Every structure is written in C-alpha cells, then in structure tokens.
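Novice: The listed protein sequences derive, respectively, from chains A and B. In this text, residue positions in the first sequence follow full-length UniProt numbering: the first is 1, and each later residue adds one. In this text, residue positions in the second sequence follow full-length UniProt numbering: the first is 1, and each later residue adds one.
Bear in mind the hints are in silico, worked out from the structure with no lab data behind them. Computed from a predicted model, the values in this text were never measured in an experiment. A portion of the hints provided could be inaccurate.
What the hints assert, rightly or not - Each pair of labels, with its calculated beta carbon distance range:
1) Lys50/A to Ala79/B: 44 to 54 Å
2) Lys421/B to Asn184/A: 35 to 45 Å
3) Glu78/B to Asn213/A: 49 to 59 Å
4) Met75/A to Glu78/B: 41 to 51 Å
5) Gln52/B to Glu212/A: 25 to 35 Å
6) Ile195/A to Asn96/B: 47 to 57 Å
7) Glu172/A to Lys80/B: 26 to 36 Å
8) Leu312/B to Met75/A: 25 to 35 Å
9) Glu135/B to Glu175/A: 55 to 65 Å
10) Lys80/B to Asn213/A: 24 to 34 Å
Stated by the list, open to error - List of simulated lysine-lysine pairs, PhoX-like, C-alpha gap at most 20 Å:
11) Lys60/A to Lys102/B
12) Lys432/B to Lys74/A
13) Lys166/A to Lys183/A
14) Lys348/B to Lys379/B
Claimed, not checked - For the chain B half of the interface with chain A, some residues (derived, Cβ under 7 Å), not all of them:
15) Met20
16) Leu251
17) Phe252
18) Lys432
19) His488
Where a beta carbon is used, it is the ideal one built from N, C-alpha and C, also for glycine.
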Amino acid sequence: MKCCLVKWIIASTAPQGPDDISESELEMATVRHQPEGLDQLQTQTKFTRKELQSLYRGFKNECPSGLVDEETFKMIYSQFFPQGDATTYAHFLFNAFDTDRSGSIRFEDFVIGLSVLLRGSVNEKLRWAFNLYDINKDGYITKEEMLAIMTSIYDMMGRYTTPSVKDDAPFEHVEKFFQKMDKNRDGVVTFDEFIETCQKDDNIMSSMQLFENVI
Amino acid sequence: MAAGVAAWLPFARAAAIGWMPVANCPMPVAPRDHSKRQDELIILNVSGRRFQTWRTTLDRYPDTLLGSSEKEFFYNEEAKEYFFDRDPEAFRSVLNFYRTGKLHYPRAECIQAYDEELSFFGIIPEIIGDCCYEEYKDRKRENAERLQDDQEDKKDFKPPNMTFRETIWRAFENPHTSTMALVFYYVTGFFIAISVLTNVVETVPCGSTSQKDISCGQRYTVAFFCMDTACVMIFTVEYLLRLFAAPSRYLFMRSVMSIIDVVAIFPYYIGLVMTDNEDVSGAFVTLRVFRVFRIFKFSRHSQGLRILGYTLKSCASELGFLLFSLTMAIIIFATVMFYAEKGSSSTKFTSIPASFWYTIVTMTTLGYGDMVPKTIAGKIFGSICSLSGVLVIALPVPVIVSNFSRIYHQNQRADKRRAQKKARLARIRIAKKGSSNAYLQTKRNGLLNELLDLTASEEEQQHLNKTKSLLESQHHHLLHCLEKTTGHDFVDEQLFEQNCLEGALQPYRSRTPSTSSLEGMTGTCCSRRTKRSVPLPIANAPASHAHPLALTHTLPKSPGLQELSAINIQCAEKQIHSSSRSNLNMQTNEVDRRNCKQQKVTTAIISIQTANTGSPAEDGGHGLPNRGASVVTTTSSNIIKVSAL
C-alpha cells in the first residue's frame, strides 16, 4: 500500500518525464526520413552509384525510419566490442557524425562521414579525427577533452586485458599525446599543430591509408 | 556476431580512423578482400520455387549454411543458381530471418519439420523472436510428451551399478520397477486401509452389557491393540527404510509425506510410554485423533490426492480472501442480530459469539433452526443475512474455480518461461563469449600470420586467411587496431585471473614487450623463468595454451622446496584491475612491503607452487623461496592470504 502511495505521489509531481519519452518515441516511430536523391548524394560524396545503393540498403534495413538515434547507434556500435563498454566512445562518434546536431543521424550524414573516412584525402581524414576529439567543436583540443576521449577508448577494452589497464593509463596516454602534439605548450592543440605533427609521423600517415578498401 | 550488425562493420572500421592519431604503436595490416565483387543477386531455387536475394543479405550470418561457403555444394552450374531440395514453405521463414534479422515460427508448420529445416540450414532455434518463441516451445513440449508416452518402457531400464541404498529408494519412488517394490506398495496400502478401518470400527457400539453400550474397541481391546501394533510396526519399518534410502535425509525429513508418517505413528508410541495414568489419559485420547492422519498416507498411492493438495496450496490466496470476506460479513451480521434480539426474552442470542453460529448457518443456507430470531427487527435482518449469504458464498466460488485454473496454468507457464529465459540467456552469453573467444583464438593463431606477413608469400597468407570468413577477419582486425591504439591486449577471463595471481606472486617479471609502459624488472633470479600460459605476441611463444594453469593448486615437482601452500582467495571484484603493475612491482617480499601503497592487493606471500610446462630452467629460479617472515595483512577484504611457516 505504502509503495503505491509513494509511486502515485511521484508520478503526479513529475508528469512530464515518462510522457516526454513516450512522445518522443512516438515521434521517432512516425517520422520518416527520405534521403536526398541518388544523384545529389553522388555529387556530395565520392561513392559510386552502386556503392551508395548498397550502403543505403544496409542502412535502411537497420533503421527503417531512415534515422539513427543515439541509443540505437550506441547499441549497434557496442556489439563490435563485446568485452568492454563502447557507449561513451559511441556517444562521441555519434556527435562527430551528427554534424548538424539534430540528435539523429540521417543517411546523408552517414554517407558523407563515410565518404570522408574512406575516400577522403589524408588531410580531410585528419580534419575528421580532429573534429572527433574536439568535443565542444571550438577548434581546440584541451586536455580534458582528450582525456574524455582516451578514457572512452580504454573503456572499450574492458576488464580482461593484459597488461591490466591501470586507472591512470588514459591520463598517461594523453600526456604523451600532448607532448607530441602541443608544440607551443599552451595546453591546447590547434588544428594546425595537429596536422603538422601527424604529417611528420610515418606511423600515423600509413595507418590513415589502412581502411581504403573497406567498401 | 549479431544480426544486421554485419552491415555496420564497414562503418565501424571506418570510424577506427579516429584512433589512429592517438595510437602509440603501428597498426596491423588489414585483411584483404580478394573477392572484389559487387553486390549481386543470388537465386535460391527451393524445390522449384525461386527466391532471390542479395548476396550481402545472406552474408550477414556467416555461421549458417546460406551465409557460408557451404552453399557452394548446392550450386547448380548450368542454371547458375543454388538448388535446395527442401520445403519451400519453411524456407520462407528461413530467408526472412536473413532479411529482417528475426526468426519467426509459422504456426501452421509442424514442429518437427520446422526443426529439421532449421538444423539443415544451420540456424539455432533459440533465436526465434519473442513473438513466436513461447508458441514454439509449447508445441515442442507437447510433441516431446507425446513421444515420451511411447517410450515409457525405457524408464524401467535400470542403470547398472546402483548401490543398495539407491535401489531401495528407486523401489520406493517407482513401485512398478520391480515386483518386490510392487508387493511392498500394495502391502502398505492394504495396511493403511486396515488401520483406518480399525480406527473407525473401534468406536462402533457392539453389544451391550449392563446399562450402557460399549464400543467394540472397549470390548475387544486386545484384538484391536494387536491390529494397531501390526500396522504401526509396518509403518515404522517403512519410514525407517525410506529414511535410510533417501538421498538427502534432511530434505526427506522436511517433506510433507514424512511428517505425515511421523504424525501417524507417534500416538502409538506415546501411548505405549504413557500407561494408564488417569491424568493424561484425556490428552492421550486426543492424540488418538491423530491416527486418522494415516489416511493421508494414501496420497503416496494416489496421484489425484497429490494434485488436489498442490492446487489447494497454489490457490491459497484466493481461499484466504474468501475466508476474510466471509469473516467480515459474519461479524457484521452477528453483531446486528445480537442487538436486534437483545430485547426479546429467552433469546438464544446470548452474546455476539453465540450469534456467530446463527450467522454462519444462515449465510451458508443451512438453516438448522436451532437459533431463530423472534423480534421483527431480528427477522428482517435475518432475511437480509440469508440473502447476502447466498451472494457472498456463491460469487467467489466460480471466481475461485476459474482463478484456480488460471493460476494453475499461469504458474506452470511462468516457471516455463523462467526456465526458458535462463537457458536462452545462457546461450546468448555463450554466443557472445564465443565471438570474443573467437578473436582471442585467432590472435593466438594470428601471431603466426604476422610472422608470415614478413616472410612468406602472398598465397600462403591468403590460404591462412581463408580459414575464417572475411567478415570475421575484418572484425578481428578492428579489435586488433584497438589493442594497438591503447597498447593493451585482450585476454580471456581465466587468463586474466591467472595473470593477477601471477602478478601478485611474482612482481618482478616483465611482461609484454609491446606495451608502451614497460615496468622495470627488479633484478632477481626469477627473471630467468620462462613465460607460461600468457598469450604474448612473441614469435617463439608456443601458440597453443589451451589450459590456463591453476597457480595455487599444484605442488612443486622439485624436491628441494618445502611444500607450503599459498592460498590466495581472490574475490573477483572490479578492483582487481587496479592492482596495477607498478604497485605489484613494489611488492618485494621484504619486510618493508607494508610501506607500499597497496590499494587492494595484500602483501603476504609465502611460497608458491609452480607447475610449469616442464621447463628445465626452474632450478634456482623458483619464485619465492621460503620466507620466514610471513605477514598476513589484509588491506582490503578482497584478497585473503594465509601464511604458513
């Protein structure tokens, strides 16, 4: 009896919460998004017609409504990393793809992002990576942003690793990164510093070419 | 890997570019997709009906027939299609599974035919969607039961080498397994009946001497006593035998049937102990009532009684509610009747509790007539009482009956679902673990691949890569990139635990050379020890460590060491991974170890047994020689180490 009373009190004082969620779910379910035409996408990206068709088929199969919201995105991405927790990194990734901050990824966002990653020039890819690390998109990567990204990457490893992931491993990694990248030691990494350092590093340059033929 | 996730793998791989700038180590080479074909339509000809789908649709589930190269066996060269000689109706749901990621069970389909189709196409039934899973399981159970009836004879198959005790227990539980058991079963049944009968007949008056009638029990005391003794002896023997044979005596003693047995035979023994003491004979008579409980022993012989008992038990809440509402009504009406009849003279309604009897008799429409209201008000309320009695009694009963049947079935279904859920989750967990295990397995094999990358030709590499599907190799490459980015390697749970133990015991062994943070080796003799059972990406490391060695459970083979045992009981909490390498390095088995910053890992180590893979370099390098000072410090409750000198 008592718990029913408590629940009722809570429910009556905060009516917006559950309603909002159900409303937004309803919106998600009814709103459909149709992508721009094939020709337009062809001009915007570097994919061929057939590639766009096959990409869209896969995309539409997973998300019949034409939009990916963050929860679905996190769930999909987490399936690739069963041992760890990929949700934080997926969140950053989602923001990197959702360029217009609409809260959902449309097919155009998806394909444009992929086009940069797979068919873009090295500079474009580096620009994309910089954009990913720069969480608040202000043009500078601070140590806190980098630490957040690094922690999320280490979270994906999970518990069972060798050697064990120490608590300060992300922090040390960030320190190394900043030592390498931050040339003028002002505590932030700008895009030019980033590009410059990466272009000098052979490892990074070669690994950028790694996923050329993914599609 | 799960459903349409395969479609997103290219995306996940592309997104891995985000790791590149922060990685400290070079990335591994990506698996090459030599089959550079465009997505094409595949024709699947199933007994004449042609289905068409994209190749990538089928590739989503590489561990099924259609998703793997197994379908090449069915390729028809002339018609350029895949021909399957199977049922096209069932194939529809199979193909829809690839398309939508959900497997449905068509209700019109025979369960066995469907099962066969699923197993032919390599799809496990556990992934049937929630919408159809219950129906599928129900049908499967029905079918199994139907088949089971035909195989009842198999139950009589006696497994060999049963101990005497087990034989007796089995004889008791399944009387028809052997003739002896059957005989015993009928004998006990007979004696139960005899016992109940004598209890009843005892009280019948037979013959009369002097003024009053005496019951048969008093007349033929000796005969009845002998009968009683015989019955009780049989029951006692049976109970003791059951107690002896029961696999779990404690459970047996707690069971309802055994309690009934005890209650049935107790009065006799108490009666033996207490002689004709006048004071307690009254109580003794009461005890004899308990003898009637022997009738409940019949429930072992009757299935129906057992079911009734169980259903009453499961319906208890409804019965309780009925009782409660009845009690409320009784109290109300009794009070009203009492006050209504208070005025009239020589009334039987002397008190409210006395009115209870009237109310009950009226409400259940019995109407004995021993208590009747005399005043007008009393009669009015009395009629109201009887009318409401009809309602109060009549209404809940059908509700209870239907409730009971609903609850009964629901109970069964809930248990079913719970059992199914556990199994399904376990299966999903195994599959999930299987995917990460697949990666770890591939890593061990993949070490060879990396070597070959440098030396061998392309064909050999291709050949090795063919052993797993392209999708899998791409997924593994992705995980490998993540490893390289962070500088840590994935490892499975057992090895991880073992590494922790190992690290706790030998803090001065350096580990993977590929990690960016190399701990310095404190120079001790143990650095000579060969590595064991850690999948390190070293070329000379043997790649087949199937069994992680249990460190603390094996005894040393070298005779020199004393056999002290280090019992490390680690509660696998999350804190384990914080037992960082640097902390463990500070853990140098000296006296000053207490000064170290230990968060969760305790210090005291005694000696270790190391059952190695028979490496000869063990001699002097055996971990920690016997330490005199063994300190037991538990800085946290997670790890308890016991020291022994």
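Novice: Next step is simple, just say for each hint if it's right about the structure.
Specialist: We went through each hint and held it up to the structure:
{"no.": "1", "hint": "Lys50/A to Ala79/B: 44 to 54 Å", "in the structure": "violated, 25 Å"}
{"no.": "2", "hint": "Lys421/B to Asn184/A: 35 to 45 Å", "in the structure": "violated, 59 Å"}
{"no.": "3", "hint": "Glu78/B to Asn213/A: 49 to 59 Å", "in the structure": "violated, 34 Å"}
{"no.": "4", "hint": "Met75/A to Glu78/B: 41 to 51 Å", "in the structure": "holds, 45 Å"}
{"no.": "5", "hint": "Gln52/B to Glu212/A: 25 to 35 Å", "in the structure": "holds, 32 Å"}
{"no.": "6", "hint": "Ile195/A to Asn96/B: 47 to 57 Å", "in the structure": "holds, 49 Å"}
{"no.": "7", "hint": "Glu172/A to Lys80/B: 26 to 36 Å", "in the structure": "violated, 58 Å"}
{"no.": "8", "hint": "Leu312/B to Met75/A: 25 to 35 Å", "in the structure": "violated, 47 Å"}
{"no.": "9", "hint": "Glu135/B to Glu175/A: 55 to 65 Å", "in the structure": "holds, 59 Å"}
{"no.": "10", "hint": "Lys80/B to Asn213/A: 24 to 34 Å", "in the structure": "holds, 27 Å"}
{"no.": "11", "hint": "Lys60/A to Lys102/B", "in the structure": "holds, 16 Å"}
{"no.": "12", "hint": "Lys432/B to Lys74/A", "in the structure": "holds, 17 Å"}
{"no.": "13", "hint": "Lys166/A to Lys183/A", "in the structure": "violated, 28 Å"}
{"no.": "14", "hint": "Lys348/B to Lys379/B", "in the structure": "holds, 14 Å"}
{"no.": "15", "hint": "Met20", "in the structure": "holds, 5 Å"}
{"no.": "16", "hint": "Leu251", "in the structure": "violated, 35 Å"}
{"no.": "17", "hint": "Phe252", "in the structure": "violated, 40 Å"}
{"no.": "18", "hint": "Lys432", "in the structure": "holds, 5 Å"}
{"no.": "19", "hint": "His488", "in the structure": "holds, 4 Å"}
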